[in-house]
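Chains as they are written, first to last, in our numbering: chain A, 35 to 345; chain B, 35 to 345.
It should be emphasised that the hints constitute simulated quantities derived from the structure, not laboratory data. You may find that some hints are simply not true.
Copies of the same chain look alike in the list, so a pair counts if it works inside one copy or between any two.
[Unchecked claim] Straight-line C-alpha distance at most 25 Å; calculated SDA-like pairs for lysine to any residue:
1. K306 with A286
2. K134 with D119
3. K167 with E285
4. K167 with N112
5. K306 with C213
6. K36 with H82
7. K210 with D269
8. K210 with E72
9. K127 with N112
10. K210 with A317
11. K306 with G208
12. K210 with N314
13. K262 with G208
14. K89 with T115
15. K127 with N314
16. K342 with N58
Protein chains: 2
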Amino acid sequence: MKYSIGVDMGGTNTDMGLVSENGNIVLRRNLPTNAYTELEPYVRDMMHEVDEMVKEETMRDGEAVSLEGIGIGAPNGNYYTGCVDNAPNLTIKGVLDFGKEIRKYRDVPVVLSNDANAAAYGEYVYGGARGMKHFIMFTLGTGVGSGIVVDGRLVHGSTGAAGELGHAILIPHGRKCSCGREGCLETYTSARGIVQTYCELKGVPVTSDVSSKMIGELAHQGDPTALKTWEIVGDQLGLAMANSVTFSAPEAIFLMGGPTQVGEPLLRPLRKAFEKYLLNIYAGTCQIRMSELRANEVAILGAAALLKMKQ
Amino acid sequence: MKYSIGVDMGGTNTDMGLVSENGNIVLRRNLPTNAYTELEPYVRDMMHEVDEMVKEETMRDGEAVSLEGIGIGAPNGNYYTGCVDNAPNLTIKGVLDFGKEIRKYRDVPVVLSNDANAAAYGEYVYGGARGMKHFIMFTLGTGVGSGIVVDGRLVHGSTGAAGELGHAILIPHGRKCSCGREGCLETYTSARGIVQTYCELKGVPVTSDVSSKMIGELAHQGDPTALKTWEIVGDQLGLAMANSVTFSAPEAIFLMGGPTQVGEPLLRPLRKAFEKYLLNIYAGTCQIRMSELRANEVAILGAAALLKMKQ
Numbered sequence: 035m036k037y038s039i040g041v042d043m044g045g046t047n048t049d050m051g052l053v054s055e056n057g058n059i060v061l062r063r064n065l066p067t068n069a070y071t072e073l074e075p076y077v078r079d080m081m082h083e084v085d086e087m088v089k090e091e092t093m094r095d096g097e098a099v100s101l102e103g104i105g106i107g108a109p110n111g112n113y114y115t116g117c118v119d120n121a122p123n124l125t126i127k128g129v130l131d132f133g134k135e136i137r138k139y140r141d142v143p144v145v146l147s148n149d150a151n152a153a154a155y156g157e158y159v160y161g162g163a164r165g166m167k168h169f170i171m172f173t174l175g176t177g178v179g180s181g182i183v184v185d186g187r188l189v190h191g192s193t194g195a196a197g198e199l200g201h202a203i204l205i206p207h208g209r210k211c212s213c214g215r216e217g218c219l220e221t222y223t224s225a226r227g228i229v230q231t232y233c234e235l236k237g238v239p240v241t242s243d244v245s246s247k248m249i250g251e252l253a254h255q256g257d258p259t260a261l262k263t264w265e266i267v268g269d270q271l272g273l274a275m276a277n278s279v280t281f282s283a284p285e286a287i288f289l290m291g292g293p294t295q296v297g298e299p300l301l302r303p304l305r306k307a308f309e310k311y312l313l314n315i316y317a318g319t320c321q322i323r324m325s326e327l328r329a330n331e332v333a334i335l336g337a338a339a340l341l342k343m344k345q
Numbered sequence: 035m036k037y038s039i040g041v042d043m044g045g046t047n048t049d050m051g052l053v054s055e056n057g058n059i060v061l062r063r064n065l066p067t068n069a070y071t072e073l074e075p076y077v078r079d080m081m082h083e084v085d086e087m088v089k090e091e092t093m094r095d096g097e098a099v100s101l102e103g104i105g106i107g108a109p110n111g112n113y114y115t116g117c118v119d120n121a122p123n124l125t126i127k128g129v130l131d132f133g134k135e136i137r138k139y140r141d142v143p144v145v146l147s148n149d150a151n152a153a154a155y156g157e158y159v160y161g162g163a164r165g166m167k168h169f170i171m172f173t174l175g176t177g178v179g180s181g182i183v184v185d186g187r188l189v190h191g192s193t194g195a196a197g198e199l200g201h202a203i204l205i206p207h208g209r210k211c212s213c214g215r216e217g218c219l220e221t222y223t224s225a226r227g228i229v230q231t232y233c234e235l236k237g238v239p240v241t242s243d244v245s246s247k248m249i250g251e252l253a254h255q256g257d258p259t260a261l262k263t264w265e266i267v268g269d270q271l272g273l274a275m276a277n278s279v280t281f282s283a284p285e286a287i288f289l290m291g292g293p294t295q296v297g298e299p300l301l302r303p304l305r306k307a308f309e310k311y312l313l314n315i316y317a318g319t320c321q322i323r324m325s326e327l328r329a330n331e332v333a334i335l336g337a338a339a340l341l342k343m344k345q
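All chains should be built: construct the whole structure from the sequences, respecting the hints.
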């Protein structure tokens, strides 16, 4: 049976899975990323877990596991070089050449991209974007990421770093962003940006006592400030999405990540704003949809899906 | 010898040319587009001119002309259907199926796209973007158009209408746009938008006495209001270009059209703004360049270039 390995490398944890052809994660493992400061032992332990999963599945299934390759979603992952380039939130520093290191253990294809790109490709291969040629994925979380598919291919651009719509400037001279500039989409629609909007409406300082999840719960209880917060966030995200349509005229825009779990309090104003801000020639041509992959599976499936990419 | 036909269909005039393999326009013809209200006589006369050009070149060269196809750049031109879809500024109304009509006369490939896409592809095949896989073209004129190349292919999107960056909203709730929305890039950096900025700075109503060309001449004479106008326009365009980089991480952004002819008074603040607004991971990876095709050739060459597109 054919399988692939999906690796979701986060700053704290690394989640790995053995993924079957039809997109089931049949086995899982994890590693504490932040326990490592060097690539060699990290990859050695990763490949040990890979061996264990292959053995276990072979025993269970009674048939040899044929490994199609290893797909990795990682911060600052560069598709072209196969390296992670100086990711600020990793304890393993420098330019990390995963392909070279992994092939010391197994001669299999290794494909690497950043996490939002991997999520988009996971949606394409295993989720709601199956059969679509043009779509965009927005991931809301600590930051705002995006992955863009054009003509059935992930857009990596000339450097490998395409698809950073969280850092498109939404409001010139707006909120200060962690990237050093002002007004990026991320400053408004990341978990932190949402909390800031809520606290501004309340007239209180931003504290760690408030989370976007809590603002979601308050909205479902009918709290007017929380509802107003999601209205503002929906309007801002709707504008950003309408702008992205002028680029690639996608069939759909997908949405995933913690803050999107609130559902209708965000989606209602988002859909309204998207329609309002959409250029008339695109009216009715692009749907807004939630990711169809489970929150705890998307990263592994997305990483595994990278192996399906046409070169 | 191999040739192709490039057709630049404008609302008033249609410029046509016989284009050699290496991108020389060896013969030209034109038709008064606005003298026609039906597709049939328009295509009949167009194909008559095609025949005449083929005959003339055969006589001159002494060798039979082999026609590779006919490429058409047209307002509302749809690459997928090969039709012009209800273009508001054409006297020939409705959905115009050029391929079907042209093949009554000659059995050759017919490829059609909108004018900005054609210009971008002309730059790719015959101009400064040769050898690039990722770039964007901004065309400034009556409106602001764009053509986007990703992985060596024009981005047409799911509907054929991708690449309308002139209608990405630059300033939320900004200037009223002809598209019915507010704050589109076009309202600031089209010829009309530039005139409006100049008149606002002068504190006078917008009149037809002022043109972007005149503001260009005034800038070269050192007029402070004109210089300030180009500074503002450069800043706005630089922001829009920096945002477009977050999408496709292009190697270069090209610029063409009447208002760009002013040169340094626009380019200096544009480059400065582009650097300022560019996300740090893209620093130094994307150049801003002027189109390398002549203003009176780009439309015909671009239309002819469409025939070189890989399917």
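Tested hints:
1. K306 with A286: Close inside one copy (15 Å), not across copies (35 Å); limit 25 Å.
2. K134 with D119: within (15 Å within a copy, 52 Å between copies)
3. K167 with E285: Both: 8 Å inside a chain and 24 Å across chains, each within 25 Å.
4. K167 with N112: For K167 and N112, both the intra-copy (22 Å) and inter-copy (17 Å) Cα distances are at most 25 Å.
5. K306 with C213: Only across copies: K306 and C213 sit 18 Å apart there, 30 Å inside one copy, limit 25 Å.
6. K36 with H82: within (19 Å within a copy, 60 Å between copies)
7. K210 with D269: Close inside one copy (19 Å) and across copies (19 Å); limit 25 Å.
8. K210 with E72: Close neither inside one copy (34 Å) nor across copies (55 Å); limit 25 Å.
9. K127 with N112: Cα proximity of K127 and N112: one copy only (15 Å, versus 48 Å across).
10. K210 with A317: So K210 and A317 pass the 25 Å test across copies only (19 Å; inside, 33 Å).
11. K306 with G208: Both: 23 Å inside a copy, 19 Å across copies.
12. K210 with N314: between (32 Å within a copy, 15 Å between copies)
13. K262 with G208: Classified as both: same-chain Cα gap 19 Å, cross-chain 23 Å, threshold 25 Å.
14. K89 with T115: neither (30 Å within a copy, 52 Å between copies)
15. K127 with N314: This pair counts as between: shortest inter-copy Cα distance 19 Å, intra-copy 47 Å.
16. K342 with N58: within (15 Å within a copy, 42 Å between copies)
In summary, the numbered hints that this structure violates are 8 and 14.
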